[in-house]
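Chain order of the listed sequences is A and B. Using this note's numbering, count along the first sequence one by one with no gaps and you end on 350. Using this note's numbering, count along the second sequence one by one with no gaps and you end on 1755.
Source of the hints: derived by calculation from the structure; they are not laboratory data. Just so you know, these numbers come straight off a predicted model, no measurement behind them. Hints are not guaranteed to be accurate.
Claimed, not checked - Quick list of in silico lysine-lysine cross-link-like pairs, BS3-like style, CA-CA up to 30 Å:
| # | chain 1 | residue 1 | chain 2 | residue 2 |
| --- | --- | --- | --- | --- |
| 1 | A | K69 | A | K342 |
| 2 | A | K287 | A | K198 |
| 3 | A | K184 | B | K1063 |
| 4 | A | K69 | B | K1178 |
| 5 | A | K198 | A | K128 |
| 6 | A | K119 | A | K184 |
| 7 | A | K234 | A | K195 |
| 8 | B | K1297 | A | K119 |
| 9 | A | K69 | A | K287 |
| 10 | B | K1427 | A | K69 |
| 11 | A | K123 | A | K195 |
| 12 | B | K1533 | A | K76 |
| 13 | B | K1313 | A | K184 |
| 14 | A | K119 | A | K198 |
| 15 | A | K119 | B | K1234 |
| 16 | B | K1234 | A | K123 |
| 17 | A | K120 | B | K1063 |
| 18 | B | K1297 | A | K128 |
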Amino acid sequence: MLEGAELYFNVDHGYLEGLVRGCKASLLTQQDYINLVQCETLEDLKIHLQTTDYGNFLANQTNPLTVSKIDTEMRKRLCGEFEYFRNHSLEPLSTFLTYMTCSYMIDNVILLMNGALQKKSVKEILVKCHPLGRFTEMEAVNIAETPSDLFNAILVETPLAPFFQDCMSENALDELNIELLRNKLYKSYLETFYKFCKNHGDVTAEVMCPILEFEADRRAFIITLNSFGTELSKEDRETLYPAFGKLYPEGLRLLAQAEDFDQMKTIADHYEVYKPLFEAIGGNGGKTLEDVFYEREVQMNVLAFNRQFHYGVFYAYVKLKEQEMRNIVWIAECISQRHRTKINSYIPIL
Amino acid sequence: MGSMFRSEEVALVQLFLPTAAAYTCVSRLGELGLVEFRDLNASVSAFQRRFVVDVRRCEELEKTFTFLQEEVQRAGLVLPPPEGRLPAPPPRDLLRIQEETERLAQELRDVRGNQQALRVQLHQLQLHAAVLGQGHSPQLAATHTYGASERTPLLQAPGGPHQDLRVNFVAGAVEPHKAPALERLLWRACRGFLIASFRELERPLEHPVTGEPATWMTFLISYWGEQIGQKIRKITDCFHCHIFPFLEQEEARRAALQQQSQELQEVLGETERFLSQVLGRVQQLLPPAQVQVRKMKAVYLALNQCSMSTTHKCLIAETWCAARDLPALQEALRDSSMEEGVSAVAHRIPSRDMPPTLIRTNRFTASFQGIVDAYGVGRYQEVNPAPYTIVTFPFLFAVMFGDVGHGLLMFLFALAMVLAENRPAMKAAQNEIWQTFFGGRYLLLLMGLFSVYTGFIYNECFSRASSIFPSGWSVAAMANQSGWSDAFLAQHTMLTLDPNVTGVFLGPYPFGIDPIWSLAANHLSFLNSFKMKMSVILGVVHMAFGVVLGVFNHMHFGQRHRLLLETLPELTFLLGLFGYLVFLVIYKWLRVSATNAASAPSILIHFINMFLFSHSPTNRPLYPRQEVVQAMLVVLALAMVPVLLLGTPLHLLHRHRRRRRRPTGRKQEDKAGLLGLPDASVNCWGSDEEKAGGLEDEQEAEEPTVNVQVESFHRRTQPVHRHCSQETCLSSIPRRSLGPLAVGHRQPLTQFLSL
Chain A
1 MLEGAELYFN VDHGYLEGLV RGCKASLLTQ QDYINLVQCE TLEDLKIHLQ TTDYGNFLAN
61 QTNPLTVSKI DTEMRKRLCG EFEYFRNHSL EPLSTFLTYM TCSYMIDNVI LLMNGALQKK
121 SVKEILVKCH PLGRFTEMEA VNIAETPSDL FNAILVETPL APFFQDCMSE NALDELNIEL
181 LRNKLYKSYL ETFYKFCKNH GDVTAEVMCP ILEFEADRRA FIITLNSFGT ELSKEDRETL
241 YPAFGKLYPE GLRLLAQAED FDQMKTIADH YEVYKPLFEA IGGNGGKTLE DVFYEREVQM
301 NVLAFNRQFH YGVFYAYVKL KEQEMRNIVW IAECISQRHR TKINSYIPIL
Chain B
1001 MGSMFRSEEV ALVQLFLPTA AAYTCVSRLG ELGLVEFRDL NASVSAFQRR FVVDVRRCEE
1061 LEKTFTFLQE EVQRAGLVLP PPEGRLPAPP PRDLLRIQEE TERLAQELRD VRGNQQALRV
1121 QLHQLQLHAA VLGQGHSPQL AATHTYGASE RTPLLQAPGG PHQDLRVNFV AGAVEPHKAP
1181 ALERLLWRAC RGFLIASFRE LERPLEHPVT GEPATWMTFL ISYWGEQIGQ KIRKITDCFH
1241 CHIFPFLEQE EARRAALQQQ SQELQEVLGE TERFLSQVLG RVQQLLPPAQ VQVRKMKAVY
1301 LALNQCSMST THKCLIAETW CAARDLPALQ EALRDSSMEE GVSAVAHRIP SRDMPPTLIR
1361 TNRFTASFQG IVDAYGVGRY QEVNPAPYTI VTFPFLFAVM FGDVGHGLLM FLFALAMVLA
1421 ENRPAMKAAQ NEIWQTFFGG RYLLLLMGLF SVYTGFIYNE CFSRASSIFP SGWSVAAMAN
1481 QSGWSDAFLA QHTMLTLDPN VTGVFLGPYP FGIDPIWSLA ANHLSFLNSF KMKMSVILGV
1541 VHMAFGVVLG VFNHMHFGQR HRLLLETLPE LTFLLGLFGY LVFLVIYKWL RVSATNAASA
1601 PSILIHFINM FLFSHSPTNR PLYPRQEVVQ AMLVVLALAM VPVLLLGTPL HLLHRHRRRR
1661 RRPTGRKQED KAGLLGLPDA SVNCWGSDEE KAGGLEDEQE AEEPTVNVQV ESFHRRTQPV
1721 HRHCSQETCL SSIPRRSLGP LAVGHRQPLT QFLSL
């Protein structure tokens, strides 16, 4: 796209941008969280959520209310909003939105394959699938035995198809291979998405690239952390890192050689963005690496709303809403398990 | 009408409701609609309040009601509107209602479930029959025989491992939009080791849940080998296909299916009959119960706004109530608490919050009050401009719409609505546009009436002049005096009547515009000039009246300084400029006659020159020393602008400074003294809200200038004033707006009639 998106952005996407900003304004406030934390039972939680923009989305749920019911309903709501955006979007926003769903589709495919491996019924797994990543052929995933099978028979028509070029193999799908498949798919997906945003240029690139770079770096860190003490070789590990981001390329090479958390931390200290994050771990409230990454993500997504005329707001809104849902589920879990000491360790959305 | 002049006196009333009788009391008050509850628990969140359990029970019930309602609507039935007075039921009745509805809902759920199951079964059978009857067989039979003939030599190989190899079938139905994807997936996954044929069903089947007709794609897949078969079954599973056994002797099978489905249909008929019975009972029970439970919930929500007394024996509510209704309120409380053998007490307490504005309206005044409220609701006890609007609004409308015929039509239409207003069909009409008309029927009535009046003044009936009285102009006199010959008349289509010729102009027409003007070529320019001048006069009078109304406010609230600092400059500004214009118009009407019309001065030029402090030599002055007078007026008016903008804020600032100079120790007393009342509100017993309020006061004291100015601007936009200034904008600043509109109504019609 040419420079100067502000001139004609609103012609095609002005309505949706206005809508998404309105939706963002309906996110729960700090006061709402304070009230939610005070709830004694899930019913209280429901009553309080009714006073927010969630409205009476739980009104038709039969008793007793459970956390998973709340979660499902919230996901349904988000999915409804997203579908609305998607149905009203024009190119290239619609491609952008499709890219957004891809990550959920990958998760769903992997979830289904894992389920098939453990001989669970498809129906049981389907409930756990994220509705944003739903597609028709999804349930047939378990007939595939090798990744190329999977690609040829099932995924060739889905948006996931382009991401498969690196992971065609005839290996049987065991647990490790599925995990490798997931990470390779993710790597390929992130790289493609990054390229898309970069090529799009303009404010969208300025906003989305840092967010995706952070996402890539986060994956690199998490992959490293999870590979400690597994049979994954260092070379294999390196192939899983997305090939862009702040860490690319030196940081990734170093990460591939890291052997424990402390070495990872030393590597992160070279980067001014990640140094404070790693320093915050274990600080007040016993934060984990995941928590600090989430906090950073929320921060970046909130900042995305400060710029206008770009697609990043859609991405940011969905991510923020997801974080809010995680928060609500966390609070609801704490309430239902009467485990109130940790109830305050949700990630505040500023 | 007396109460229309300003909003009614409203008192803060504290109600002591004994716990036993609180419910009945609030319910009674709700029926009467006399009071507005104040929330005393604003800091308590919704789920921590006292009656939250009861509210939740009501909500539960409402959920059941919604379910029942949906079921009734799905069956295509209508719920009758509830009849009679239905007060909130006593709390113990809630259980009965709950039980009844629960039982009904359960029954309905069962029957509905049965019906659903039966329909699904029936659907399945129909689909099965359809799949069998789709005519896949001839084609498949062909391929079968074809395949067989191809393979005959192979199969006949003795002792071969493929002895038991035979073609298997999977038959089923799938939703049409999934069919292409299914077909492709099958082909890809099984690498072509199958033959699939898809066909659309000719006759759409009813969807078992929604009852909508839906078409299906039936398919028949033939394949070899168990491996492939498993795969196919998995794939068809994931597409949620209906799979049916496919057997050879299908004719017999189909007959059996027919019979089964007939039996099922009979059972289904029975179930549906029972279902309609249950729904009939729901129709009877639901509407009154819904109203009752809604009232009950409202009562509990009101009770949630009350605070508990220290002894836990009674609830304390604070309500706003019109002072006039206090006896009625007390009587209602006494009556309803008597039944429980206790007594609820209401007594008036002083308050420093501004009470809500209460203006009682009847069906006549309601629409006018509505117009005023659209501009802004006045503060407590402010002068209410609505009574004057009853005259001014229709009249200003009529100035624009003056036509006897059109006005009469409008009047008759409104009259019909007024006469029929008591018919229930009128009120029940759901059409939004109709409701707007019906709501403003008295407004329309007056607008029509005034239009007839101004129509007479403009002498127009359907844009035609009528001559009720003989015209004041005589054509005969003109013809005689100027000796128009036949030849002259034949040559000239336009003739001029000169009022200076004696006998031509006999005197003004007794009422309104002389009908002879409708023959004149300069008819429109004459009328336009007249209407514009009239509009200016009306507009200025209207605005001046609005400013004068403000005087009543200032007097009532004891703000004498505003008389001097606001009303006086406003009047000077208005009358000095626009009032002077009105004077010029009237002066010219009186002083300039037909004899000196040729050299008549132009008011417009004079008025423009007045602001420019210049004069044009061609324009004769209206009276001696005119320029001096005009210059003085302009200077005076401009001098008022800074007074208007800064007068009140500076005055308030000055007053505030003077008060602050006193020792701080006396400040609190002073404030209390100023307010002149001890705080008796429950809030002051230490609840958070009031503390917050107190803090605000303190802050206000700390930051004088900003707040004072903000306040004064706030006051500046208070409603009566706002009303007037809005009217100013509407009628005066673009001060010709009425004129063109009046002209606008006339012009197209005239042109239309002249065609």
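Hint check:
1. A:K69 - A:K342: holds (22 Å)
2. A:K287 - A:K198: violated (33 Å)
3. A:K184 - B:K1063: violated (48 Å)
4. A:K69 - B:K1178: holds (29 Å)
5. A:K198 - A:K128: The hint is violated at about 33 Å.
6. A:K119 - A:K184: Holds: K119 of chain A and K184 of chain A sit about 24 Å apart, inside 30 Å.
7. A:K234 - A:K195: holds (27 Å)
8. B:K1297 - A:K119: violated (51 Å)
9. A:K69 - A:K287: OK: K69 of chain A and K287 of chain A at ~28 Å, within 30 Å.
10. B:K1427 - A:K69: The hint is violated at about 44 Å.
11. A:K123 - A:K195: Between K123 of chain A and K195 of chain A the Cα gap is close to 36 Å, so the pair fails against 30 Å, i.e. violated.
12. B:K1533 - A:K76: Violated. K1533 of chain B to K76 of chain A sits at ~65 Å, over the 30 Å cutoff.
13. B:K1313 - A:K184: violated (70 Å)
14. A:K119 - A:K198: Distance ~42 Å between K119 of chain A and K198 of chain A Cα, so the pair is violated.
15. A:K119 - B:K1234: Holds, because 14 Å separates the two Cα atoms, which is no more than 30 Å.
16. B:K1234 - A:K123: The hint holds at about 12 Å.
17. A:K120 - B:K1063: Violated, because 36 Å separates the two Cα atoms, which is more than 30 Å.
18. B:K1297 - A:K128: violated (38 Å)
Violated hints for the displayed structure, listed by number in ascending order: 2, 3, 5, 8, 10, 11, 12, 13, 14, 17 and 18.
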